Amino acid sequence: MVPLGHYLILSAVLFATGTMGVFLRRNVITVLLSIEVMLNAVNLAFIAFGRTLGSVDGQVIMFFVVTVAAAEAAIGLALVIALFRHRESLNPDVFTSLKW
Amino acid sequence: MATDLLLFYLFGAIAAGASLLVVLGRNPMHSVLLLIVSFAALAAIYIGLEAPFAAVVQIIIYAGAIMVLFLFVVMLLNAHREDDAAPPAGVTSGPLRAGGVLAVLLVAELVWALRRAARGGDALLSAGPGADPAALQSVRALGNRLFTEHSLAFEVTSILIIVAMVGAVVLARRES
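As given, the protein sequences belong to chains A and C, one line each in that order.
Per the working numbering: the first sequence = residues 1 to 100.
Per the working numbering: the second sequence = residues 1001 to 1176.
It should be emphasised that the hints constitute simulated quantities derived from the structure, not laboratory data.
Do not take every clue at face value.
[To be verified] What follows is a list of derived Cβ distance ranges for each label pair:
1) A/V68 - C/G1099: 21 to 29 Å
2) C/L1160 - A/P3: 14 to 22 Å
3) A/P3 - C/G1094: 19 to 27 Å
4) A/R87 - C/R1115: 40 to 48 Å
5) A/D93 - C/W1112: 30 to 38 Å
6) A/D93 - C/S1151: 40 to 48 Å
7) A/P3 - C/V1101: 29 to 37 Å
8) A/V68 - C/M1029: 19 to 27 Å
9) C/R1173 - A/L24: 29 to 37 Å
Note that the structure is a prediction, hence the values are computed from the model and not measured.
Beta carbons: idealized from backbone N, C-alpha and C, even for Gly.
Make the full structure from the sequences, and use the hints.
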């Protein structure tokens, strides 16, 4: 049986990778993909804890996270299309109209 | 006996490596395809965690539905590579340094929290009655839990999906 710590470390590595992507990339689509990586890291932690505690609640929460991720992807990609139509670019540094 | 550990290392390495390439890649198309590889490896890890339903959901919804949506948008916008523009004028060494400090803090915090959590979890495991793997794997138990204890959250989720659907249609509509 794989100890819980191994799963948590993998989860932390994935989460850090996703965070790095959100900050480093200059492409809105890749930023959204990095957020998906972060959500997956959280799912892994939930399921590992659920198994350790002997409860299906981890899987139930993973189910909800997947649903929220689907909603987020739909809205996020619709926003990307709308932004691309206005600015002809996917670089988040271009979208500064709301910045003061 | 050590097969499960070996498989965990194999799939964990695939997931971590593919995620790293997703983040570092220049071509969004490659990033999307590599993310599917990462999701498949995570699904294998879920099977090792006695969560077959989670693995199937991961493959069908994540790798199937969400990633196809991403692929559609990448192809629709013809975004095969990232603009290689210079960093904007506002980004100087000051904010970069502050970001570096924040990153180190995040890593330190994660390591600290996870060490504590893993110790507590292993203690729980040795103290508790031990999980019944059959109950964990059963989709029936999952459904019972989902539709009794968490039924309110489930209904709220359906409202969320409707709002997201309407919102996506409104946002992506061409104004004319």
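Margin query: Quick check: does the Cβ-Cβ distance between A/P3 and C/V1101 fall within 29 to 37 Å?
Written below: For C/V1101 against A/P3, whose Cβ atoms are near 32 Å apart, the range 29 to 37 Å holds.
Checklist line | Range hint compliance [Cβ, C/L1160 to A/P3, 14 to 22 Å] | finding: violated (35 Å)
Notebook entry, point to check: For the pair A/R87 and C/R1115, does the Cβ-Cβ distance stay inside 40 to 48 Å?
Noted result: Holds, at about 45 Å.
Next item on the list: Could you tell me whether the CB distance from C/R1173 to A/L24 stays inside 29 to 37 Å?
Entry: holds (32 Å)
Next item on the list: Evaluate the given range 19 to 27 Å for the C-beta pair formed by A/V68 and C/M1029.
Entry: Distance hint for A/V68, C/M1029 holds at roughly 25 Å.
Margin query: Against the range 21 to 29 Å, how does the distance between the Cβ atoms of A/V68 and C/G1099 compare: consistent or not?
Written below: holds (27 Å)
Item checked: Whether the CB-CB distance between A/P3 and C/G1094 falls inside 19 to 27 Å -> violated (42 Å)
Checklist line | Cβ distance range 40 to 48 Å for A/D93 and C/S1151, holds or violated | finding: At roughly 44 Å between Cβ atoms, C/S1151 and A/D93 fall inside 40 to 48 Å, so the hint holds.
Notebook entry, point to check: How does the Cβ-Cβ distance of A/D93 and C/W1112 compare with 30 to 38 Å: does it lie in that range?
Noted result: holds (34 Å)
Comparing the model with each earlier hint shows violations of hints 2 and 3; every other hint is respected.
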